[in-house]
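*Asks:* Now for the letters of each chain:
Number of protein chains: 2
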Amino acid sequence: MLGLVALLSVTQAVDVGTPASSNVRGARYPRVQADGRVTFRVTAKNAQKVQIQAGTPEGMGGGPFDMTRDADGVWTVTTPPAAPGFHYYWLLVDGFNANDPSSETYFGYGRPTSGIEVPEAGVDFYLPKNVPHGGVRQHTYYSKITASWRRAFVYLPPGYDAGRTRYPVLYLQHGAGENEEGWTKQGRANFILDNLIADKRATPMIIVMDCGYATRATTTGTTGTAAPNAFEDVLLTEIIPAIDAAYRTMPDRDHRGLAGLSMGAGQALTIGLAHLETFSAIAAMSRPAARSFDAKTIYNGVFGDAAAFNKKVRTFFWSAGTAETAFHDSAKANMQTLVDSGVKGVFFESAGTAHEWQTWRRSLNDLAPRLFK
Amino acid sequence: MLGLVALLSVTQAVDVGTPASSNVRGARYPRVQADGRVTFRVTAKNAQKVQIQAGTPEGMGGGPFDMTRDADGVWTVTTPPAAPGFHYYWLLVDGFNANDPSSETYFGYGRPTSGIEVPEAGVDFYLPKNVPHGGVRQHTYYSKITASWRRAFVYLPPGYDAGRTRYPVLYLQHGAGENEEGWTKQGRANFILDNLIADKRATPMIIVMDCGYATRATTTGTTGTAAPNAFEDVLLTEIIPAIDAAYRTMPDRDHRGLAGLSMGAGQALTIGLAHLETFSAIAAMSRPAARSFDAKTIYNGVFGDAAAFNKKVRTFFWSAGTAETAFHDSAKANMQTLVDSGVKGVFFESAGTAHEWQTWRRSLNDLAPRLFK
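As you go down the protein sequences, you meet chains A and R in turn. In terms of our numbering, the first sequence opens at residue 1 and continues consecutively. In terms of our numbering, the second sequence opens at residue 1001 and continues consecutively.
Think of the hints as simulated: they come from the structure by calculation, not from any bench. Among the clues, some could well be false.
Stated by the list, open to error - Some chain R residues near chain A, calculated using beta-carbon distances under 8 Å: (1) N1023; (2) T1078; (3) A1098; (4) N1130; (5) V1131; (6) R1291; (7) F1309; (8) K1312.
For every residue, glycine included, the Cβ atom is placed at its ideal position computed from N, Cα and C.
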């Protein structure tokens, strides 16, 4: 019996897997194994029950996952294999929604939320490599419409500082509950573009990532929840002119695109299709399912004359992950309807990924080479 | 009695104070009153005890503060008046250290930590104003010494993009448990400089904010905790050459300074005073107390010849808050010793502030106008 106890102790002391890249500096847990299983560990001495909750359960193999307590109040669980990519998650400590102190936080669900990065074997298109790197600029501006200071992140391609070249601009929007940090912090948009540009697969471009929430100052109360979203006005009358003034852009519709994921996909379609005088490329990733979809009438009939649409719109791109079934099936069917009616559009499928950032990283990696050619 | 119940209900429904600027988008709590009292509110239905813990109790009027539960499991407390500025804090939910889902997180204590911003009446030197804004650049670089990708934040002054001017550079370090985001996210260094430059009080400069932790790849295990900090080598042989190559710097000692707070103050003194061939300005904010301090021998005798030191060092600046007594008293006495020995140095006191970011914001605001004149 003594031997068994000693063996168990040794077994418990062995760390399997590798600390996740999403861990805070020096944190040994969470650890990711080659097959995508993740071992979480947290100390909660007084808790009766501690669980791991995935933001997107289909991405992390289900859950919530009950953790097991040891004699010191350290709770541990190893999950089933997670899909590759980035997963939001949090702890439920006796039901209280808490972040994992061992992981970085990422803005999702309207609050800073823990995240775990699961590597995809053999895939490095979103990792920093030994290629020229663009910079990501925090751009602070005052919005009269919202009567507030706002922040956009602006990707400037490699060579921007040293050169005199002007660049096309992609406006790239996050999803519901997220913010302007999402596309770089979770999405790695800057590294995706660095790598595509180094491979000469994408035209060097500026990417502007702003916050898709904007509350009109004139109708807002303290909470702002009742006021309509003024993002369309902020984008068209404040952000775009400010970006064209501050950076070396090619300030015309031929060199301007609007893309987004989920809520941002809805914005890309609603705003972009209504403003083809401003945008020539429109991309919708993981668009929320449409209730009804008539090719002739939807979006104020913009697809009614397919030939005219095709002449105006240089890139029309939709995408979804096959594991986000409702989003995927609806978008795919709707895009087929459009294509059948003569619209030139592209539908990109991300195999096996859900309503998560790996779908959107892959979507951007497929989209960017199509833009501004 | 019915009247009293109705009155109580009305009273409970009234929100006092203003949502903190550190709240996540749309969060009504925490709320700050004019006198600095802060009302926190959190839902924790199953908890037996919920408290607010300040990172620096002397900055937030003590604590931990017990919260009071209502019938719906909503816990509330109003703290005594907090000092103006930024305070790290967290929840203790039955003793479990959790972030407040209503507040942004800031990297402190080696993890993402909730923060609360308490305005200082009549003081706006660290707020964004209607002046030209510099950009803050995320600068990604590969460090051979640590065998890892690292990130620095680089403040580029207003006019950088449009002009051809070269600028002096201040390297500015965070404290223990913090990271390269601290000086912009908590410290507002970019807005402080924007405002000083607009007022023509500071020479336009580049500020580089890197992570003060660097683990040498060759000696590190999985955790890295046993390896010596290689930050000095990373700074001197990797960061500075990379910054001088990537940005329009004035790449000489006369136009290069090293400053830091707390742990970063120690680094500024240790590294800076040992490398006067590289730096001509050295600033130590809230330096940890020295055990012994002999003006002739400390820092390898760099102060032994005060005239020679004064000739080499263009700016020598220390600071502390009067409410961080141990830091303040030790630093002030040591600087007096140096000044008595003939060293030209400046000691800046931040009245009434503790080992917190308001001390360091004020310190930077006092330091920057002295640099590179």
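*Asks:* Indicate, hint by hint, whether the structure satisfies it.
*Replies:* Against the structure, the hints:
no.: 1; hint: N1023; result: violated (10 Å)
no.: 2; hint: T1078; result: violated (18 Å)
no.: 3; hint: A1098; result: holds (4 Å)
no.: 4; hint: N1130; result: holds (7 Å)
no.: 5; hint: V1131; result: violated (10 Å)
no.: 6; hint: R1291; result: violated (27 Å)
no.: 7; hint: F1309; result: violated (35 Å)
no.: 8; hint: K1312; result: violated (32 Å)
Violated hints for the displayed structure, listed by number in ascending order: 1, 2, 5, 6, 7 and 8.
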